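Asks: Since the structure of chain A is already known, use the hints to place chain B on it.
Protein chains in written order, with my numbering: chain A, 288 to 1304; chain B, -18 to 79.
Hints listed in this document are in silico derivations from the structure and should not be mistaken for laboratory results.
In this text, all values refer to a predicted model and were calculated from it rather than measured experimentally.
One thing to keep in mind: the hints can contain errors.
[As the list claims (entries may be wrong)] With a straight-line Cα cutoff of 30 Å, these simulated DSS-like cross-link-like pairs (lysine-lysine) come out: (1) 556(A) to 587(A); (2) 394(A) to 41(B); (3) 594(A) to 355(A); (4) 970(A) to 535(A); (5) 41(B) to 959(A); (6) 976(A) to 31(B); (7) 961(A) to 980(A); (8) 324(A) to 394(A); (9) 1124(A) to 961(A); (10) 961(A) to 687(A); (11) 937(A) to 961(A); (12) 507(A) to 41(B); (13) 41(B) to 496(A); (14) 41(B) to 937(A); (15) 691(A) to 324(A); (16) 687(A) to 417(A); (17) 394(A) to 487(A); (18) 976(A) to 937(A); (19) 41(B) to 556(A); (20) 535(A) to 510(A); (21) 41(B) to 510(A); (22) 448(A) to 496(A); (23) 1124(A) to 735(A); (24) 507(A) to 448(A); (25) 394(A) to 340(A); (26) 587(A) to 394(A); (27) 41(B) to 1124(A).
[To be verified] Partial chain B-side listing against chain A, Cβ under 10 Å, derived: (28) -12; (29) -11; (30) -10; (31) -3; (32) 7; (33) 44; (34) 57; (35) 61; (36) 74.
Quick reminder that beta carbons are idealized off the backbone N, C-alpha and C, glycines included.
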Amino acid sequence: MTDRRRNFLILLVVAGLIAASAAVIATKKTRLGLELKGGVQLTYQARPTAQSKVDSESLERAISIMRKRVDQLGVAQPEIQSSGEDQIDVALPDVTNYTRAQEEVGKTAQLFFYDWEPNVIGASGEPAPKEGTATGDPGDPGGAAAGLPEYQAVLRAAKRKPILPPKASDLVSLQPGCTAAQVGNCIYGSWYLVEPAHEKVLRGPEETKHNLYSDLKIPKGAKTEAVHINPGTVLVQAHATEDEATGKVLDASPNSYYVLNDNPVLEGKDITSPTQSFNEGAGGNGAPNVTFGFTSHGKKVFERVTKEIAHRGQEAQLPGVTHAEALQHFAVVLDDQLITVPSIDFQQYPEGIDASTGSEISGGFTITSAQNLANELQSGALPVKLLLISKSQVSATLGKQALKQAIEAGLAGFLIVCLFLLFFYRVLGLIAIGGLTIYAVYFYGLVKLIPITLTLPGIAGYILTIGVCADANIVIFERVKEEIRGGRSVISGIASGYKHGFAAIVDANVVTFMTAFILFALATAEVKGFAFTLGIGTLVSLFTAVLATQAALGTMSQTRAVTHPAALATKRRGKGWRFDFMGASKWFFSMSGTILLIGALAIGAEGLNFGIDFTSGTRVQTAITRPHVSESEVASAVAAAGYASAQVQKFNNASVGGSGYQISTKTLEPKKVKDVEEALSRKFEYNGKPGIKDFSATSIGPTFGRSVANSAVIAIIASLLVISAYIALRFEWKYAVPVLIALMHDLLITSGVYALTGREVTTATVAALLTILGYSLYDTIIVFDRVRENVPRMPRAAFSQILNRSMSEVLTRSLATSFCTLLPVVSLLLFGGETLKNFAFALVVGIASGAYSSIFIASPVLMHWKEREPSYRARRARIARELGEVPAFATDATGALEDVEPEQKRRRTRRGSLIAPEGPGQQLTHDEFQELVADLDVDSPLDSAPAAPPVRGARRGRGAQGGVAAAPPRAASAPAAEPPAAGRDPAADLTPEDLVLKETRKPRQKRPRNKRHGRSR
Amino acid sequence: MGLLAWVIMGLAIWHYTIWLPDRFWGGIVGALVGSLIGSIVFGLLIFGIKVSALRIPGQKATNVGVVLYAVPGALIGMAVIYLVGMRNERAAAQLELP
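Chain A with its partners taken away, still in its complex shape (with noise of 0.2 Å):
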């Protein structure tokens, strides 16, 4: 196929998946995240029960059954998806009851029925069917009244033995071992932590005694016990209590506890089709209850247990016995806390209730709260138990502010980056804007398409991919450039150009979609949403920057528009960098010891200022309908809600409609965040208004920061490896340990910079962080690139003169592509909004950083490392004996750059040979190297050996003139002249591959070609 007409085929690629992205994006809404349209953001998680481990079969039943309950508060677009081993992400946008929402998508939802009298333990220890005292008949069973506080009842637990189900199957054991015996962390019975001091049950019930302490701040002083209960044995606490008159809940957790015989007679999964309806029947009093039906084994239970309720009943009316005190119960446990205890009228029904009607839970139920339960009880009991970590609640209005914002810093870095583009490159860049463009399209369509939930840090990864995009078309318009300075033809210096630069570009993008990967495996839920847009914008911007702008510019590379000199801005510059890079990397080295010397003792000095998501607590932000209320006057507000300790901290931000307050203080639990909303409501009511708007609050457990943490150090260890071995592999070993000494420098100038600054570090940092060590390996891979190239093209250059030449060479370049990316970098921390600066700053430092290391880090130290090695050794001897120093550049007589002819055809060289290996100059024949040697007339010292066959892999270069960058012939004709044997290192002169024993072949004598060996046919 020719050029021409493969071009045109990819321009119509492009052109239809143009018009599909078209298609997509008018028809396909956008899906918005939380953060960008306002929703509560949970997560929660997951600890196992005696019933079932933490696994992923289990944590999937779970968002079934969650799913159910959302549904059923008919939230629209939910989201509800495991993050991670043990985690559950709930996402649920337009909640206009978000405290009901987040109470009950969690909860267990464990319903137990028990027969009550023979279960009860009494303070012997024993089943006490008969003790009043412990039961709580006749005059208020499982109430308040009659239960013991917390720490007594957890005491009388601890005396019984352990009862264990009749198969030792039915117990659940976290780990291989785990017997009915207590072994490890095995799940056997529960745990308490107890203060015996102040009678005070601190934690618990807890699956497991190392449970007990995560996360547990002890007073200081106190002095715990952890106490075990054994299997079969469980404390449930007294039902709420009410107001007899109105029914009014008075307190609905009442310290007040019963001991019971583990051995429920129904659960749940029993019952079906429960709704919440009234009580209306016969003596109803129509107060909200909860009707239900049986299953066949539901049924069947329930009418034996009922029968002998009743007939326990009839046994225990004794003469001097009243019908009150003979009723015999039935309790209902949800969550352990009992619901209700119903009698079972043994005169009303002697052979127990007849099951085939369904029976209902009635007694201290609101409609909500009924509804509540009806709901819980269809969508059924959750396998695992959940605990919230974190929460967080934007309110719509910040969403959409957040939204504006993001779209305002991502276009302001677009045209800067347009710009820019244009400026520097002009047609090229036209073409590169383009390609931009119908990136941004083809990006917004997929989005749309598979669809990819947009969230802040997607569209900081969205933004940041247009400076990655832009930063491959730089990398191959400075290649296309540099090949017609060259002396090639305009369509000859743009397919090489964009032959060369291609290389450079996948290792780069390579590495970086590895990285987007490993965050996307690892992180967490706000950093995946980030390292997905990165990682499809990636591999986007690969296809539109390298394809579709070699096909456009193809196609008019016999236009005016390109082959004028003006056009491609490829007018020859003067000499090019002529900086002693290596010679000047002492100061820089000394300059970065000095700044990470200064990082690490502000480290020490003010720490790094870690946010709420790595030390837990409850963040509110609002802004005050009240015109002019001071800061203590909110903290008054929060303080008479009973949080006196919270910070209060006035800050200005068009976000919450001019000047808002933050509200720190420690975690609180939803009911009490709203608690806190409803206090500052009321206590700056204006004119009639709520006192608050735009009420937003994040709540995040130790749990959370803890995990956020380990997911960030496994990620960093992971992408190091990764990108090691990467590099290691397209490159050679030695350069992987700069390139992570460079990043490494990056990584740790960061948090210096962070600690002296005193920024917060949150989640989105970590994100920045791990994008740095992709991004900051993009210059230092454009580097190696040309230095991998510049090897074997100079074979008698000392390392450091190939470093130098190489980075004067890809000088212009490496700037150019992180100035590229800092614009859009910039834009973002300038227009973006809180959460978006804060990422572009991590961004910023990180992107700067790393563009220096690669250039004043990563390459001095390869030049120090290679230079170790005896070929380079006897290189660097070689020209400090014949020149008395080792100069910058590889000069010719005239002092001028070496030219270094752009690479012809390179063979692929077959790794692993002991006689000749791949090595620095490896590409050189042996013609070659004789011309060379020739050329500058010098005395070979390989005239009096067997001549040498051409190195496997060797190309025919163009010439000695060009193809090396050799000694200059001041060099050539003092100390080289010498005689080998006059006490000269003869090996001085040679090229590495000579250095190595050579293959000698015996001269053979050629075969026609069409001649067979062996047996003739």
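Replies: Here is chain B on its own, set in the frame of chain A:
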């Protein structure tokens, strides 16, 4: 946090080895390894003696003094690598003499 500060300090001090002749065992990379290991080990050692337990100082326990624990460690680590490098060089030179 202490570990991070020690690593930064070790890396910072290593940067100045560029002024020394490259006689480190393993070159400049060997010096880095020596500096990092030295700073971490010495930091842990001094902090361990101070709190009578082998643990890494957290955010609150890390102060300028704790950060400086890394300095002698980094210097000693690099010195050891330098001495090993010199010894190897001498041994190589002696081998070449005959």
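Asks: Now, for every hint given, state plainly whether the structure supports it.
Replies: Hint-by-hint comparison with the structure:
1. With a C-alpha separation of about 14 Å, the suggested pairing of residue 556(A) with residue 587(A) holds against the 30 Å cut-off.
2. For the proposed pair residue 394(A) and residue 41(B), the alpha carbon gap of about 36 Å is over 30 Å, so the pair is violated.
3. Among the hinted pairs, residue 594(A) with residue 355(A) is inconsistent with the structure: their alpha-carbon atoms are about 35 Å apart, more than 30 Å.
4. Annotation: proposed proximity of residue 970(A) to residue 535(A) holds, straight-line Cα distance about 26 Å (limit 30 Å).
5. Simply put, residue 41(B) and residue 959(A) have alpha-carbon atoms about 29 Å apart, close enough for the 30 Å limit, and the pair holds.
6. Of the pairs offered as hints, the one joining residue 976(A) and residue 31(B) is violated, with about 59 Å between alpha carbons and a cut-off of 30 Å exceeded.
7. In summary, the hint linking residue 961(A) to residue 980(A) is supported, as the alpha carbons are separated by about 14 Å, within the 30 Å threshold.
8. Note on residue 324(A) and residue 394(A): the hinted pairing holds, with a Cα-Cα distance of about 26 Å set against a maximum of 30 Å.
9. With a CA separation close to 29 Å, the supplied pair residue 1124(A) and residue 961(A) stays within the 30 Å bound.
10. Restraint check: the Cα-Cα separation between residue 961(A) and residue 687(A) comes to about 23 Å, which is no more than 30 Å; the hinted pair holds.
11. Our distance criterion of 30 Å between C-alpha atoms is met by residue 937(A) and residue 961(A), whose separation comes to about 21 Å.
12. As the CA atoms of residue 507(A) and residue 41(B) are separated by approximately 17 Å, the hinted pair is consistent with the 30 Å bound.
13. About 27 Å separates the Cα atoms of residue 41(B) and residue 496(A), which keeps this hinted pair within 30 Å; it holds.
14. Only pairs whose Cα atoms come within 30 Å are accepted, and residue 41(B) paired with residue 937(A) is accepted, the gap being roughly 26 Å.
15. Under the criterion of a C-alpha separation no larger than 30 Å, the hint pairing residue 691(A) with residue 324(A) is consistent with the structure, at around 11 Å.
16. Taking the CA atoms of residue 687(A) and residue 417(A), the gap is near 64 Å; set against the 30 Å cutoff, the hint is violated.
17. For the given pair, residue 394(A) sits about 25 Å from residue 487(A) by alpha-carbon distance, which is consistent with the 30 Å threshold.
18. Using a Cα cut-off of 30 Å, the hinted pair residue 976(A) and residue 937(A) holds, with the two alpha carbons roughly 21 Å apart.
19. For the proposed pair residue 41(B) and residue 556(A), the alpha carbon gap of about 50 Å is over 30 Å, so the pair is violated.
20. Between the alpha carbons of residue 535(A) and residue 510(A) the distance comes to roughly 39 Å, so the proposed pair goes past 30 Å and is violated.
21. For the given pair, residue 41(B) sits about 24 Å from residue 510(A) by alpha-carbon distance, which is consistent with the 30 Å threshold.
22. For the hint linking residue 448(A) to residue 496(A), the alpha-carbon distance of about 18 Å falls within 30 Å, and the restraint holds.
23. About 25 Å separates the Cα atoms of residue 1124(A) and residue 735(A), which keeps this hinted pair within 30 Å; it holds.
24. The straight-line distance between the Cα atoms of residue 507(A) and residue 448(A) is roughly 33 Å, outside the 30 Å bound, and the hint therefore fails.
25. As the CA atoms of residue 394(A) and residue 340(A) are separated by approximately 17 Å, the hinted pair is consistent with the 30 Å bound.
26. Distance check on the hinted pair: residue 587(A) and residue 394(A) sit about 29 Å apart at the alpha-carbon level, within 30 Å; holds.
27. Our distance criterion of 30 Å between C-alpha atoms is met by residue 41(B) and residue 1124(A), whose separation comes to about 27 Å.
28. Annotation: residue -12(B) was flagged as interfacial toward chain A, and the flag holds, the nearest CB pair being 7 Å apart, inside 10 Å.
29. Against a cut-off of 10 Å between C-beta atoms, the interface hint on residue -11(B) holds, since the closest Cβ of chain A lies about 4 Å away.
30. With a cut of 10 Å, the hint placing residue -10(B) at the interface with chain A holds, because the nearest CB-to-CB distance is about 4 Å.
31. The interface hint given for residue -3(B) holds, since its Cβ lies 5 Å from the closest Cβ of chain A, which is under the 10 Å cut-off.
32. This hint holds: residue 7(B) has a C-beta 9 Å from the nearest C-beta of chain A, less than the 10 Å allowed.
33. The interface hint given for residue 44(B) is met, as the beta carbon of that residue sits about 5 Å from the closest beta carbon of chain A, less than 10 Å.
34. Taken as an interface hint, residue 57(B) does not check out: its beta carbon lies about 18 Å from the nearest beta carbon of chain A, beyond 10 Å.
35. The beta carbon of residue 61(B) comes no nearer than 19 Å to any beta carbon in chain A, farther than 10 Å, and the hint placing it at the interface is violated.
36. Because the smallest distance between the Cβ of residue 74(B) and any Cβ of chain A comes to about 14 Å, over 10 Å, the interface hint for this residue is violated.
Checked against the numbered hints above, the structure breaks hints 2, 3, 6, 16, 19, 20, 24, 34, 35 and 36 and satisfies the rest.
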